[in-house]
Each structure stands twice: as structure tokens, then as C-alpha cells.
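Colleague: Residues per chain, in single letters:
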Amino acid sequence: MAYRLRDLADVAQAVVRGDGEVEVDAVAPLTRAGARHIAYCASPRYRAQIGASQAGALVLTPEDADAFPGNALVCPDPRMAFARIAHVLHPPERVPPTRHPSAVIDASATVAASAAVLAQAVVEAEAIIGEGVVIGPGAVVGARAVIGEDSRLEARAVVMHDCQVGRRCVISPGAVIGGEGFGYVRERDGRWLKVPQLGRVVLGDDVDVGANTTIDRGALGDTVVGDGVKLDNLIQIGHNVKIGEGTAMAGCVGVAGSAVIGKRCLIAGGTGIMGHITVGDDVEVTAMSFLKGSVEGPGRFSSSLPAAPAEAWARNLGRFRHLDELARRLHRVEQTIKQILSGRNH
Amino acid sequence: MAYRLRDLADVAQAVVRGDGEVEVDAVAPLTRAGARHIAYCASPRYRAQIGASQAGALVLTPEDADAFPGNALVCPDPRMAFARIAHVLHPPERVPPTRHPSAVIDASATVAASAAVLAQAVVEAEAIIGEGVVIGPGAVVGARAVIGEDSRLEARAVVMHDCQVGRRCVISPGAVIGGEGFGYVRERDGRWLKVPQLGRVVLGDDVDVGANTTIDRGALGDTVVGDGVKLDNLIQIGHNVKIGEGTAMAGCVGVAGSAVIGKRCLIAGGTGIMGHITVGDDVEVTAMSFLKGSVEGPGRFSSSLPAAPAEAWARNLGRFRHLDELARRLHRVEQTIKQILSGRNH
Amino acid sequence: MAYRLRDLADVAQAVVRGDGEVEVDAVAPLTRAGARHIAYCASPRYRAQIGASQAGALVLTPEDADAFPGNALVCPDPRMAFARIAHVLHPPERVPPTRHPSAVIDASATVAASAAVLAQAVVEAEAIIGEGVVIGPGAVVGARAVIGEDSRLEARAVVMHDCQVGRRCVISPGAVIGGEGFGYVRERDGRWLKVPQLGRVVLGDDVDVGANTTIDRGALGDTVVGDGVKLDNLIQIGHNVKIGEGTAMAGCVGVAGSAVIGKRCLIAGGTGIMGHITVGDDVEVTAMSFLKGSVEGPGRFSSSLPAAPAEAWARNLGRFRHLDELARRLHRVEQTIKQILSGRNH
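Protein chains in written order, with the working numbering: chain A, 4 to 349; chain B, 4 to 349; chain C, 4 to 349.
With the rest of the complex left out, here is chain A (with noise of 0.2 Å):
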């Protein structure tokens, strides 16, 4: 659908440089943009292409605005308004109402109208699907679980039995909510006893899952998920973990069983989190890093480390495995001087 520049500046409170009657469809990235698209610049590394944008309008920042001679919007913050203009010019699918005759819905379970029940679903006994739910193809509802209005699961899903889902949640394909913890006792002979993982999973409203993801029921209590946290795919999730409103995660994540992780927390890619530590509000972690005790937030934790051309790195490394000993040696020369200074003031 098309949109008036001069309507796209108040979504972005942005001002209109030039023709806000001007009209775009769509958005495009920079290079690419034709008449009909806006566009914006995401980085001053590609501002040098601002001059040559054929699109019929760019999103600029005042210092900018003055390297492009056609219509723009112009804002302090380019990127969030070009997202608040996507998100008006793309807005979501809405899938119509249904049950898909191939979904697979018992008789105990309650639908609303409005939700849409795609193909090859499963929704088990007395499950709760809110008004406004999609449950993607092949997508899996246990017994007991509730989905909030206007959540998403997507391709193949799964949420467990008795979890729950807030509203507006977006479940990316094959996450999988509500697994059973990895929670054992050795038994005297060596044998594993699987402790019994009796809780939930309870996500809060604005969650959003990634693909592949997995979080953890509780054992006893229930794994928990503050409003709008943001997972990317393939995080592990363990049992009893709670996570405060807002934090968000990048992918490949751990975050190992009863650790409890403050708000607005930021958790860069690769990471592990070790169980039963806490972590603070505001708290941001490097990529790749090993958070293994407790800290309290704000505060930026690493422990990141670069790789090097294989030969530089290989013999740092060989010293490193030396480093007690270095550092012993370096003890001793000290030792040494002090009794030559001694020696020498006497």
C-alpha cells in the first residue's frame, strides 16, 4: 500500500526535506531503492552511496541530509524511524481464521475464533489458544498449555505440556518450550536417577523465541521469562532459569539451570552462562564469553578472545601454558635486583 513521505514523517517523527506528497510502497536498501522505495543509510561506512540513491526517498540525519539531492526525512535516529516506516509499509500477514482440516485439535481444547490453526498441527487436550494466535504448520500444543492472544508459533514449534505463552510472543520454527531439565542424581553404582521435571515454562507477553531454540520446564518451580526478552536461535535455555524484562540474547547462548539473569540485560553471541550465578540488570556480556560467577549490573563482562594468525597465536599459547612458571621466574628476578641494590648500597 502506498504512503504520503509527509504520513512516514509522523510515524518517524521525522520533518520532510522536500516533496511530501511524494508516495512509496515499499522500503529497499540504499544501492537498490527505486522511484516508489525509501531507504536509509545504516552506517556511516556507506554514506559515500547516499549521493547516488535512486529511491524516492531516503531517511537521513541532519549531517546527512545535505549528500542527497531528492526528498528525505530527516531524524537524530535514522534507523529506528526507518524501522517504525518498515513496520507500516510491511505490516505482518494476517492470517485468516481456521482450523486447518489436517490440524489435529482435541476435543478439550479450547480455540478462539479468531486464532488460525495451520496445517499438520497438533493441539492436545485441554490446551488454550487466545484470540488472534497462529499455530504454524506442524506446530505442537501440549495438554494444559496456554497461548496468549496474538502469538505466533511458527513451522513445527513446540510448546509442552502446561507451559505458558504470553501475548504477542513470536515462537520461531522448531523451538521447543518446555523440555524436560537435564536434572539427575548418581546413584551409588554410577547409575543416572532423573529427577522428576514437575514445572513450566511461563513466557511473558512480547517474548520472542528463535529458531530452534530450547528452553527448559523447571524441576520443582517454573523456568520464567520476563516481558520482552528477545532470544535468537539455537539458545539453550536450562531448567528454572529466570530471564528480567528486556534482556535479549544473540545466538548459540547457554545459559545453564537456576541461573538468574537481570533486566535489560545484553548477552552477545556464543556465550555460556553458569548455573545458579545471578546476574545484575544492565549487564552486557561479550561474544564468546564464559560468565561463570556472579555479578552485579550495570557493568560489560568478557572474556572474548580473538583469533590470531594460527602461527602469532600458537606461540602465545605455548607460553601461556608456562604463564605460573613465567611468573614465577619473573618473582625471583625481582628478588635478585632488590639483593643487588642492597648490596650495592651497603
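Hint data in this document are derived by calculation from the structure and do not stem from the laboratory.
All values derive from a computational prediction rather than experimental measurement.
Hints should not be assumed to be uniformly reliable.
Copies of the same chain look alike in the list, so a pair counts if it fits in one copy or across any two.
Claimed, not checked - Listed next, the in silico DSS-like pairs over lysine-lysine satisfying Cα-Cα at most 30 Å (straight line):
{"no.": "1", "residue 1": "K266", "residue 2": "K197"}
{"no.": "2", "residue 1": "K266", "residue 2": "K233"}
{"no.": "3", "residue 1": "K266", "residue 2": "K295"}
{"no.": "4", "residue 1": "K233", "residue 2": "K295"}
Following the hints, put chains B and C in place on chain A, whose structure we already have.
Modeller: Relative to chain A, chains B and C alone:
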């Protein structure tokens, strides 16, 4: 179902203190347990909460027992005792035998009378499903695969053709048993030629496989997982790996092809294990480590790198990048001191 | 099917030694091969087993050939030769064209006559399924997605709407192609605003994607995976990543958004690649490393940290935590020595 404390004492090999006739229905967390619940103190950290617990009964160590005025089961290992009690009070739901009409079961497959094949499941040609087995919603059992007695495939789990699952195994939602191994040879022109992956995956008895975990089939021989092995979520097991009885691996571990891992090993989360190495029995590897070479057991191995405040980390890391140079400088200093000292002695 | 050794010699570009008329039916491991099997020696480590092999024929290097009294194919690269032979003796099972009655195929989708859509699969509106394609049990092909000739989606694989898969690709069980990228901007009040993910995933020809691997769709442009790329299991590829032809990545690798990776790269298991960086052609990264910045190829990069006995590790790690201080102390020592020496010289 209600149990008398006296009967649970037998289950837990514990001693009743107080009223053995009191009945409880369920386990609960220490702080939320009521009169019909039994709870325990998981860690000395929670000791202060014992006195105020409203639980009908607690499982306690002799040392902690004095802190609680109510009924108690006293034993040296409350965690183990509590696990046994939880199994009795919360037995896994028995799924009644069924072949759900939406399931697709090949005419040549063998499904035991007591097995349950749930909604949207697929059982391919000549597969064998043992007594008491549950094939969960949307799960797939490939051609000629064998699922042993009382094993459970959870929602959307996949066991590929010709693979074998032992008895009493649990394959969690989304897990993939028997995908093709990552085996290629490089042609002279740089293209990859796939090496046909002709082996199977063979799981022993009592193996648990976590959600979205993947175990690749062998290239020529089999990938073999021993009895009682417990694998957490999002683990990758490469082709031809062997894992010994009773070994446990936490989430996000990766084991590269042809590694041979011993019995009763404990591999903590996020760890990588190199291909073609041998790991002895009773080896422990700490979280987020990289086991690159063969090791004998028993032993504990680590390359965990705990995160520090980002600035301190950066300073130390900057030095690490010059560690080889630093070691050389130390050596020169030591030489110089030797010369100084030998000069003085003359 | 049986082949004469003489014919397999042609396939493998090898020289027959012994009886070229002998027939074999199958490949087998060196130690388990019988009279109707052909085997090879995968590594010098197994050389001692050659002499005792019961195989009908072996593929051997000229150096190893003397150790075996039986029939042999002699060539410089037995692994490559063996892979070619395995392809001939064990061709992939041809799945006969079918549209399984339980599959849900939208009336507007195009499914080629020679394609097979297996049990419980879903093909959504306007999707295009090419000749010879196999859509495995429970797999999902989204609206307008295109699956190229002779490609195979294994059990429960998902290709989301509008994505493109080239020819002869294999999408392993549980893999998700085209989930939404992890793109958000933070509102002033701390909440995350999703950036609509409007791009696609475009896979070239001959791409293999491992089990439960996830490849996110682009935000504006596309995520692009070049011809012949091989991805192992549990890999995460972020939005707008580009991967050059022939690059291979082992299990558990994570590539953050907008990274551009060159041709013929080898990325070992567990490695993380930072977003928005550029990796040249023919770059190799060792296992469990973190490639944080752009690098030019060819070259080999590493931040692998091999595990050591835990106590030795702890000692060195303790020193690492004070490495900056240690370096400063060394500097002071050097200064002091300089003063001592200059004092002596006066």
C-alpha cells in the same frame, strides 16, 4: 495419590522424625510447600528457610533436622531421597496404547500392541516399535529403525532409517538421531564430494537425548551411545563417535567425528571435543572448554576462561597478544642479571 | 549390486593389482570387510590392520599395497577413490514420485511430476517444487518458496516463505531455512522494536545444510549461501550473511549478521564469527575460535585454547588475571637493570 510419610521413608531409605502417618500428595519447593506437600533443602544457602517452611514434611540431613519443628525424613543425601520420592508421588503419565488416526504407519512396520503412536507421527517401512513405546506428536521413525521397549520419542523427534534406540530411552522434542555425517573429500577443482554415510546410530538402554540435539549416523561403522548416557539439549555428536556407559554431557557440547569417549565422563556445557581423540573413563571437562587431544582418566580437564570486567579483560588480553615477546624479554633480563652477578663475583 | 574390481578401478582412477574380475557388493570397514566387500586404509594409524583384512579388495597407496596379499586398487589418494566407489556401490535411494495422501499441498503450489512429497509434509501457496525433489516426512515448504531440481528436504526440515533452494541441495532433518533475523532497535523506554525482516534466504546449487542448523532470512536484502557450501549440524547463520562458494563449516559454528565470508573457507567446529566483518577467500579458522575482525585470505586463524589438567590450568589462569600487572613489573625490572648497568659503567 497420597502417601504416608512412613512409606516414603522406605522409598527414600530415610528415618521418620515425627508423625509417620501424615500424608502428602506432591513435592513442592521449600518456600511454597503446604500441609500436603513434601519438600527438601537443596543447598546450605537455603538453610535459613527451613524453619519457616509450611511443608507437611521435609527431607533433611541430620544437621539440618533440628532447624525444623515439623515432620521430617532424615537421611544423609536429601537430594537423592527427594528424587526417589518425586518418582513415587509423580510417576510419568502412562500413555494408553493407541494408533492415532492422523498418524501414518507403513503397512510393513511392526507396532507393538501396547505402544502409542500419537497425532501426525510417521512410522516408515519395516520400522519396529516395541512394547510400551510412545511415538510423540509429529515424530518420525525412519525405515527399518528399531525403538526398544518403553522408550519415548517426544514431539517431532526424528529417528532416521536403520537406527536403533534401546529400551527406556527418552528422545526429547526436535532431537535428530541418524542425520548424515559431515564427510566430504575435496576434488582437485575444490568441489566437495560427499562420502556416503552408510552406518547407523545405535543407542543403548536408558539413554536420554535432549531437545534439538543431533547425533549423526556413522560413515562406515556406527555411531554408538552406551547404556545410561545422558545428553542435554543442543548437543552435536559427529559420525562414528563412541560414548561409554553412564557418561553425561550438558547443553551445547559438540563432539567431532570419530572421537571415543569413555565411561562415566562428565562433560560440562558448551565444551568442544576434537575428532579422532580418545577420552578415558571418568574424565571430567569443565564448562566452555576445548578438549583437543586424547586424555586418560580419571582426571579433570579445563580451558574455561571466566569473564572479567571488560576493561580489565582487555588490558590482560592486550598483554597476552605479546606474551611470547614478554617471555623473551624476561629471558634476556635473567641473562643480564646472571652477567651482573658473575661480574660482581670476580 | 555387484561390480567387478576392474570397473571400480575406472571409477576410482586406480590401478588393479591382482584379479580385476573379482566382484564386490559393498564397502565396509577395514577390519570387518569380507570377501564381497571393498575397504580402505583411512589413516597410517590403521596400517597394521591391512595384512589381516579379509576384504575381497582394498584401496591402497603404492606404499601400503605391499602389506596386503589380496586384490587391491592402487592409487595415490585412497580416501577419494573410496568415496567414488562408495557412490557407485551405494547410490542414494531413489524415492519414487508421490504425493502422499497425508501431505497438505496448496492448490496454487507447483509440484513437478517426478517429485515426491512424503507423509505429513506441507507445501504452502505458490511454492514451486522442482523435478526429482523429495520433500521428507513432516517437512514444511512455505509460500512462494522454490526448491530446485533434485534437492532433498529431510524429515521435518523447514524452508520458510519466499526462500530459494538451488539444485541438488540436501536440507537435513530439523534444519530451518528462512526464520526471521534477530533485528531490533531499542525504544527510549528500553523496549525492543522488531525491525521487519523482509529479505529471503537464497541457497545456491549443491548446498548441504546439517540437522537443526538455522539460516535466517535477510532484513532488507538476502542471506546468500554460495554453490557447493557445506554446513554441518547446529550451525547458526545470521541475517544478511554471505557465504562464498565451496566454503565448509563444521558443527556448532555461529555466524552473526551481515558477515561476508569468502570462497573455499574452512571453519572448524564451535567457532564464532562476528557480525559485519569480511573474511577473505581460502581462510581457515581452527576449532572453538572467535573470529572478531575482518581478515584477508589465504590464511589460518586461531584462538583455540586446548584444555589442560584442571589444576595446571587454574594456576596459569590465575596468572593471566594479573598479566597486565606482570608486564608492568617486567618493565620496571628492565628499567632497574638499565640503571644498574649504567651505574656500573660510570
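Colleague: Would you mind marking each hint as holding or not holding in the structure?
Modeller: Evaluation of the provided hints:
1. K266 to K197: So K266 and K197 pass the 30 Å test across copies only (18 Å; inside, 32 Å).
2. K266 to K233: within (12 Å within a copy, 33 Å between copies)
3. K266 to K295: both (19 Å within a copy, 27 Å between copies)
4. K233 to K295: both (22 Å within a copy, 23 Å between copies)
Hint compliance for this structure: every hint is met.
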